[in-house]
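**Q** The lines below spell out each chain.
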Amino acid sequence: MLEIENLSAWYGEAQALREATLSVGAGEVVTLVGRNGAGKTTLVRCLMGLHRHLTGSVWLDGRDITSLPAHRRARAGLGWVQDDRGIFANLSVEENLLLPPRVSESAWTLEQVYDAFPALGIRRRAGGTTLSGGEQQMLAVARVLRTGARVLLLDEPSEGLAPVIVAQIGEIVRTAKQSGIGVLLIEQNVRFAATVADRHYLLAQGRLVESLDNDEFVERQDELLEHLGI
Amino acid sequence: MSAVLQYTVQGLAAGSFYALAALGLAVIFGVLGVVNFAHGAFYMLGAVAAAVLLDTLGLSLWGALIVVPLLMLVFGMLVERLLVQWLLPLDPLYNLLLTFGLTLLLVDLVKRRYGVSGLPYERPSALSGRVEVGGVGLPVYQLFVIGVALLVCLGVWLLMTRTRVGMIVRAATERPELAGALGINVGRWVTPVFGFGVALAGLAGVLAAPFRAITAEMGSDFIIILFAVVVIGGLGSIVGAVVGGFLVGLVEAFGQAYAPTFAQVLIFVLMAVVVLARPAGLFGREEATA
Ligand SMILES: Nc1ncnc2c1ncn2[C@@H]1O[C@H](COP(=O)(O)OP(=O)(O)OP(=O)(O)O)[C@@H](O)[C@H]1O
Ligand SMILES: [Mg+2]
Chain Y
1 MLEIENLSAW YGEAQALREA TLSVGAGEVV TLVGRNGAGK TTLVRCLMGL
51 HRHLTGSVWL DGRDITSLPA HRRARAGLGW VQDDRGIFAN LSVEENLLLP
101 PRVSESAWTL EQVYDAFPAL GIRRRAGGTT LSGGEQQMLA VARVLRTGAR
151 VLLLDEPSEG LAPVIVAQIG EIVRTAKQSG IGVLLIEQNV RFAATVADRH
201 YLLAQGRLVE SLDNDEFVER QDELLEHLGI
Chain L
1 MSAVLQYTVQ GLAAGSFYAL AALGLAVIFG VLGVVNFAHG AFYMLGAVAA
51 AVLLDTLGLS LWGALIVVPL LMLVFGMLVE RLLVQWLLPL DPLYNLLLTF
101 GLTLLLVDLV KRRYGVSGLP YERPSALSGR VEVGGVGLPV YQLFVIGVAL
151 LVCLGVWLLM TRTRVGMIVR AATERPELAG ALGINVGRWV TPVFGFGVAL
201 AGLAGVLAAP FRAITAEMGS DFIIILFAVV VIGGLGSIVG AVVGGFLVGL
251 VEAFGQAYAP TFAQVLIFVL MAVVVLARPA GLFGREEATA
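Residue numbers (the UniProt record's numbering), protein chains in the order written: chain Y, 1 to 230; chain L, 1 to 290.
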């Protein structure tokens with residue numbers, strides 16, 4: 001469903017990604033694991049069309065989207081949850097949910113969102129950034145589910161959150177997977193990654209150095225933790 | 001007491017022009033990131049257009065209040081399409097320079113065509129004279145200006161807070177890149193928003209036509225005060241623009257009444273005090289100015 005071919009990206013002269021090739025299938029959860037500065041965020045920004053200094057190509061459902069502007073990629077079905085959660089302070093919780101246009105039949109209704117995330121329903125009129133960090137992360141994920149995005153790009157959704165909330169996010173990811181949504185999950189939390197993902201890519205200095213299925217990943221967990229310097 | 005009431009009304013009327021124009025400046029800055037130096041010239045064009053339309057076609061103030069903002073909307077959209085858009089990807093300084101140049105051009109064109117002495121404008125008889133309020137005779141026209149300004153500000157506020165367009169404008173103002181990545185075509189809103197901001201300046205100009213001397217230069221002082229207004233209210237803040245506008249109008253009116261030599265200075269003292277206490281302005285967000 002989402003295919004990335006030979007993606008290289010630069011900041012000025014400095015190369016941040018080197019010929020990355022990876023794919024995410026429908027109903028598949030794939031993680032991208034790597035240290036700080038490995039190039040994970042750069043990769044999703046390339047996928048969203050926000051970073052343009054690149055070579056290689058990005059395909060969604062067999063269609064080359066490499067040259068599309070960001071808003072058309074979102075409408076084609078990419079749902080981005082950025083690393084700072086990207087909640088609008090000038091919009092209420094409900095407005096944050098309603099801002100992005102629906103992109104497919106599988107879009108959630110507001111009722112579904114509030115059923116799944118009662119805290120958001122209670123605070124629907126509150127300013128987006130008055131929510132706690134965990135609630136903001138829920139809001140960010142709920143926002144892309146409400147559009148009916150078919151591929152989620154989650155940039156470190158568990159970062160800085162309490163274990164209970166991380167478990168909740170894992171639950172949402174599994175629900176999304178069951179409904180056929182593909183998920184590219186960026187994570188440094190190896191234990192969390194192992195509980196939700198089918199496959200894993202390891203990114204080091206902009207290069208994909210390993211591609212593992214979840215069993216191999218669990219087996220080599222200690223080695224990977226060491227690699228990540230955690 | 002009666003004097004205080006009089007100066008208050010006078011200040012709010014003057015503040016109405018500032019509030020309307022600053023509102024336009026704020027939405028333009030919010031969505032485009034452009035500090036529109038030509039806003040004073042657009043205000044002047046609004047007043048000149050009202051005077052010319054009255055003179056040539058006999059269009060009354062009532063008609064001008066509708067027609068001129070529409071003309072200015074179209075004019076603003078043309079300016080954005082033909083000029084401003086090309087510089088948007090560059091440093092915002094380029095558009096400041098462009099709109100500064102545009103100001104000089106527009107002012108000189110009006111001077112060439114209509115000379116330097118003011119154009120006449122007769123207000124409709126229904127709006128002349130005074131009305132007794134609590135034993136004080138207040139100019140009907142000033143009350144009318146305040147009423148129109150409050151109505152328009154309320155309308156814009158409802159537009160911004162209660163409609164999808166307003167939601168998109170707020171999102172695009174706060175984080176344009178993110179709004180785009182969520183599927184909003186931010187670029188589509190740039191031209192209408194610029195036109196809308198220019199129309200508000202034009203409306204302020206029409207309202208000022210029966211009240212101020214209509215000259216090519218009438219926007220020059222106006223734009224300076226307008227910048228003080230947006231700094232006080234908070235750059236890019238809608239509520240700040242309105243509150244700042246009325247506040248500056250009041251300071252100006254009372255300053256002229258009680259300390260005429262310092263009237264202009266007072267506005268900038270107010271600005272300095274606000275900036276020292278709240279660098280982002282009364283209603284600005286800290287991060288919005290970064
Ligand atoms: N705007 C930028 N300008 C220049 N270099 C940048 C910029 N953003 C990122 N980089 C560099 O590109 C490399 C990859 O950064 P990136 O943010 O993609 O890493 P990351 O894997 O997401 O890290 P983290 O885990 O800290 O989020 C880093 O070396 C970083 O310093
Ligand atoms: Mg990152």
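Some hints could be false.
As the list claims (entries may be wrong) - Output of the computed footprint for chain L on chain Y, the stretches with three or more beta carbons under 8 Å from beta carbons of chain L:
no. : region
1   : 15 to 26
2   : 98 to 104
Unchecked claim - Over 12 Å on every C-beta distance to chain L, these chain Y residues come out as not near it, computed from the model:
no. : residue
3   : V44
4   : R75
5   : G77
6   : D84
7   : V209
8   : D215
Source of the hints: derived by calculation from the structure; they are not laboratory data.
Think of the CB as a built atom: it goes at the ideal place given N, C-alpha and C, for glycine as much as any other residue.
**Q** It remains to establish, for every hint, whether it holds in the given structure.
**A** Hint-by-hint comparison with the structure:
For a cut-off of 8 Å, the count of residues in the region 15 to 26 of chain Y with a CB near a CB of chain L stands at 0, and the three-residue condition is violated. Remark: the region 98 to 104 of chain Y is confirmed as covered by chain L, as 5 of its residues place a Cβ nearer than 8 Å to a Cβ of that chain, reaching the required three. Its beta-carbon lying about 10 Å from the closest one in chain L, V44/Y breaks the requirement of being farther than 12 Å from that chain. Listed as outside the interface, R75/Y is inconsistent with that label: its C-beta sits roughly 5 Å from the nearest C-beta of chain L, within the 12 Å cut-off.
At roughly 10 Å from the closest C-beta of chain L, the C-beta of G77/Y falls inside 12 Å, breaking its exclusion from the interface. Non-interface call for D84/Y relative to chain L: violated, since the shortest CB-CB distance, roughly 9 Å, does not exceed 12 Å. Listed as outside the interface, V209/Y is consistent with that label: its C-beta sits roughly 28 Å from the nearest C-beta of chain L, beyond the 12 Å cut-off. With a least CB separation of 34 Å from chain L, D215/Y remains clear of the 12 Å interface cut-off, as annotated.
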